[in-house]
Amino acid sequence: MRIRTAGVVAALGLALAAAGCGGSDGNDEPAAQESAGAAGGKLVIWADDKRTAALKPFADRFGQENGVTVEVQAVSKDLQTNFVTAAQQGSGPDVVVGAHDWIGNLVQNGAIEPVQLAAEQKSAFNETAIKAVTFNGQLYGVPYAQENLALIRNTELAPEAPATIEDLVATGKKLKAEKKVSEILCLQVGQNGDSYHIYPLYTSGGGYLFGTNATGDYDPSDVGVGKPGSIEAFKKIAALGEKGEGVLKRSISDTNSIATFTGKKCAYLASGPWATPDVKKANLSYDISPFPGFAGGQEAQPFVGVQAFYVAAKGKNKALAQEFVANYTTKPDLAVALYEAEPRPPALTAALDQVKAQDPDLAKFAEAGKNGQVLPAIPAMAAIWDPFGKAEAAIIGGADPEKTITAAGKTITGSIK
Amino acid sequence: MSTPLSGPGSASRTPGREPAGSRPGRGRTRHDATVSPTGLAIKVVLLGLTAAIAVWAAFPLLEGGHWVGLGLLVVTTAGLFYLYLGRRHVPAKYLVPGTLFLIAFQVLPVLYTASTAFTNFGDGHRGSKDEAVVAIQTASVRQVPGSAEYALTIATTGDPATGPLVFLVTDPGTGTVQVGDADGLRRVDPGDVTVAPGGRVTAAQGYTVLNIGQASARSQEITELVVPTAGGALRSSGLSRAYEGTAVRAYDAGCDCIRDSESGRTWTADDEIGAFVAADGERLAQGWRVTVGLSNFTRVLTDPNISGPFFGTLVWNFAFAIGSTGGTFILGMFIALALHSPRMRGTNVYRVLLILPYAMPSFAMLLVWRDMFNTDFGLINSVFGLGVDWFGDEWTARIAVILVQLWLGYPYMFLVATGALQAIPRELTEATSVDGASPWQSFRAVTLPLLLVALSPLLIASFAFNFNNFNAIYLTTEGAPFPADNPSNGATDLLITYTYRLAFGGQGAEFGFAAAISLFIFTIVALVSAVSFRRTRKQEEVYA
Numbered sequence: 001m002r003i004r005t006a007g008v009v010a011a012l013g014l015a016l017a018a019a020g021c022g023g024s025d026g027n028d029e030p031a032a033q034e035s036a037g038a039a040g041g042k043l044v045i046w047a048d049d050k051r052t053a054a055l056k057p058f059a060d061r062f063g064q065e066n067g068v069t070v071e072v073q074a075v076s077k078d079l080q081t082n083f084v085t086a087a088q089q090g091s092g093p094d095v096v097v098g099a100h101d102w103i104g105n106l107v108q109n110g111a112i113e114p115v116q117l118a119a120e121q122k123s124a125f126n127e128t129a130i131k132a133v134t135f136n137g138q139l140y141g142v143p144y145a146q147e148n149l150a151l152i153r154n155t156e157l158a159p160e161a162p163a164t165i166e167d168l169v170a171t172g173k174k175l176k177a178e179k180k181v182s183e184i185l186c187l188q189v190g191q192n193g194d195s196y197h198i199y200p201l202y203t204s205g206g207g208y209l210f211g212t213n214a215t216g217d218y219d220p221s222d223v224g225v226g227k228p229g230s231i232e233a234f235k236k237i238a239a240l241g242e243k244g245e246g247v248l249k250r251s252i253s254d255t256n257s258i259a260t261f262t263g264k265k266c267a268y269l270a271s272g273p274w275a276t277p278d279v280k281k282a283n284l285s286y287d288i289s290p291f292p293g294f295a296g297g298q299e300a301q302p303f304v305g306v307q308a309f310y311v312a313a314k315g316k317n318k319a320l321a322q323e324f325v326a327n328y329t330t331k332p333d334l335a336v337a338l339y340e341a342e343p344r345p346p347a348l349t350a351a352l353d354q355v356k357a358q359d360p361d362l363a364k365f366a367e368a369g370k371n372g373q374v375l376p377a378i379p380a381m382a383a384i385w386d387p388f389g390k391a392e393a394a395i396i397g398g399a400d401p402e403k404t405i406t407a408a409g410k411t412i413t414g415s416i417k
Numbered sequence: 001m002s003t004p005l006s007g008p009g010s011a012s013r014t015p016g017r018e019p020a021g022s023r024p025g026r027g028r029t030r031h032d033a034t035v036s037p038t039g040l041a042i043k044v045v046l047l048g049l050t051a052a053i054a055v056w057a058a059f060p061l062l063e064g065g066h067w068v069g070l071g072l073l074v075v076t077t078a079g080l081f082y083l084y085l086g087r088r089h090v091p092a093k094y095l096v097p098g099t100l101f102l103i104a105f106q107v108l109p110v111l112y113t114a115s116t117a118f119t120n121f122g123d124g125h126r127g128s129k130d131e132a133v134v135a136i137q138t139a140s141v142r143q144v145p146g147s148a149e150y151a152l153t154i155a156t157t158g159d160p161a162t163g164p165l166v167f168l169v170t171d172p173g174t175g176t177v178q179v180g181d182a183d184g185l186r187r188v189d190p191g192d193v194t195v196a197p198g199g200r201v202t203a204a205q206g207y208t209v210l211n212i213g214q215a216s217a218r219s220q221e222i223t224e225l226v227v228p229t230a231g232g233a234l235r236s237s238g239l240s241r242a243y244e245g246t247a248v249r250a251y252d253a254g255c256d257c258i259r260d261s262e263s264g265r266t267w268t269a270d271d272e273i274g275a276f277v278a279a280d281g282e283r284l285a286q287g288w289r290v291t292v293g294l295s296n297f298t299r300v301l302t303d304p305n306i307s308g309p310f311f312g313t314l315v316w317n318f319a320f321a322i323g324s325t326g327g328t329f330i331l332g333m334f335i336a337l338a339l340h341s342p343r344m345r346g347t348n349v350y351r352v353l354l355i356l357p358y359a360m361p362s363f364a365m366l367l368v369w370r371d372m373f374n375t376d377f378g379l380i381n382s383v384f385g386l387g388v389d390w391f392g393d394e395w396t397a398r399i400a401v402i403l404v405q406l407w408l409g410y411p412y413m414f415l416v417a418t419g420a421l422q423a424i425p426r427e428l429t430e431a432t433s434v435d436g437a438s439p440w441q442s443f444r445a446v447t448l449p450l451l452l453v454a455l456s457p458l459l460i461a462s463f464a465f466n467f468n469n470f471n472a473i474y475l476t477t478e479g480a481p482f483p484a485d486n487p488s489n490g491a492t493d494l495l496i497t498y499t500y501r502l503a504f505g506g507q508g509a510e511f512g513f514a515a516a517i518s519l520f521i522f523t524i525v526a527l528v529s530a531v532s533f534r535r536t537r538k539q540e541e542v543y544a
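Quick note, the sequences are listed as chains V and X, same order.
Those letters in the first sequence? Residues 1 to 417, by full-length UniProt numbering.
Those letters in the second sequence? Residues 1 to 544, by full-length UniProt numbering.
These are computed hints drawn from the structure, not numbers from a lab.
For every residue, glycine included, the Cβ atom is placed at its ideal position computed from N, Cα and C.
Warning: the hint list may mix true and false statements.
As the list claims (entries may be wrong) - These stretches of chain X come out as covered by chain V in the derived footprint (C-beta under 8 Å, 3 or more residues):
no., segment
1, 124-130
2, 141-150
3, 211-217
4, 220-233
5, 368-376
Given the sequences, and given the hints that come with them, work out the whole structure.
See below:
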């Protein structure tokens, strides 16, 4: 009896083990055979949820045309971190899709490789977009879309595009006095600030983040935060803050800024192409113009961000990945399809021209970004976001601009190696 | 708690149920024959699962050549089978699963964290030195200025899957076709090749042209194939273009440095910090992981940014943990007492309503609460007609986060207190009222001490959890408000949110440093818990 029980347990246990084994074989082998049937090549692409859906038909077409298997995998959260970790372990993808300001971090971790584009391929792109993906003199990705802030206004309330922020405040105050709106400007600040959205006003006031070196790259040893220009800029911002005109408020945050605008509680919204679906849904007449600067100040320059395709340095199929990124994603129809998935202006001039006709907003956003500054991709930029945003929030809340921004500058230079 | 733990096995082992006349020595074997079919089935399934998981885990280990890991896996699995197929070692049968999970999910992560704390592991220092060198060299390959871009075809002189690879390249200007391999470029007789309009070779005598599918199967060989030329080397860019490029930077083993052939600069390897450093102190971004000894720990102790606000943050951290735990306990307990009263009607309805906050995901509720505290648009200010800048002032922000914790946490305390109250015999409280004690006196002298005996371990666990309650702060105030002159330490920052900002807020993630800080926090929580447990044990001795 003893032997029998043990035997039954062992035999069944082994059977189960074999089943488990067979199960995993059942999953792996057909896939392997399939790709073997497709002559062996397999390309894995990682992108976020939205882009995965748009990429899929194109990836499939690329696979069919070339007899390779292409897998587009959605990584819905922390794509950059996941990619760096996976690349380090050798389980990462061949191609990854993401924002250009990742480049600095991806390069310092040896996670991506330069892409060699021919001169005529490069010239098909918007110049700013190519500049954005160039890091240390090397092109690290192929851009497909770019985005920047602009001023969206409700034309029923404010028919004229304001030339300066003072004009905007005057109109906004009048509307507020007439009880047509409750806020002058919907520009998200939040409890801990928002460096991205305040940047046009900061540059107009005379501030900068990083100086540029001889080759035109951002120089992490020249931090502009805490310098006299930044103090001047924040004095002007403070005048618009809660203790001043009440235009900039910490209570307006990423969660309520667009909703307040679409609820017609403010006439102006500082936002980018990602806000247009909501604005369109709200059924209000709107127009888009460049974000205005201070009267007599410098140009208000928004950040320009670029979305790009990158070749993973530790991918298993780098030659195919290079082929896909350098020679396939540079075609306009893919850029148009990605635009249709999410309305951001394409970086390929030909693609932008193609969609401009059906979507006039795009041209206006592109116009607003013309004088924009490429969002710095150097790793040192990571040290800016948090202290800069907090200083902004504190100053808007009424703190002393000079003291606050000097302290922020100290924190930033302290954490840059 | 006097009922003994009894499983299906222990009942059948009761000596009284043993068939009469069994020989004493064979007793164990005889009664094992009565193992229930359900028990047997469970055993089979569990052991089968163990074997399946082991087999599943073995393949990646085998593939990666992790022999130590594989050995451990085999020994553990064999040990488990020996233990559960055999008859002996009954106590071990109960202890081993828990011990294994303890090792896998507690001991190993703690050891890994501790070992990471002695390294510079983080962004820019993730891999080995060799990997850094490769990354630096590949990142420095530049197209030779003024050189041509070639149309590329991958071909072989042998079998498409295994034959030696060559590049067939067409010069776009002259249209001449050349064949290239590791020995260099050679002209090909124009009569032997067919060139498509785009410039790519589609067929060549003596060579088999690979299509993209075939070529991509040999991707690695293609990326590694470098055809030397006069100006540099011909490399593939994808599968249809080639360019002439040179690696501007190269590693020189002689001086253990990276040399830039254009500018002549050198960066010497510094194995103390895991980076290549130039004479003027400039570092190359791609570094590697090294052991840095105690420097992460000394940084925690000596960096004025950390040690300066450390004490204030620690005090608030204790206040937050005690406030959250104590507040929820008191509220939960009083509600439980109220519903425990025999005069209370409709207790089930109340109970369901009261545990609702517990049933909602705290992640989402924290974000909802954050928006409710908004100064101009928040529910709280608009309902009460207030204009309080909740997260803008130190004390209101602290009150706000504790209020949120109270709302999220009291249902748990209510549930456990209800359970513990039902275990206290009503005769005890009745006896006190017979003796003439007021309800408060009987609560103080009888109910509360007995409750505390049962709930103390839970309170300590709750304290330890709240001490490191990252979400409660990060999803509401993010540590705000911050003093104007110090953006790195806010009024509601806990040690964990503060150090998260220090370790991940600067120039990329610093896992080594973060691990060192978490060891400090671990020490603090462990000390507090140890002291509390000791005190609880004394209390139990008094009331038991």
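Failing hints, ascending?
Every hint satisfied by this model.
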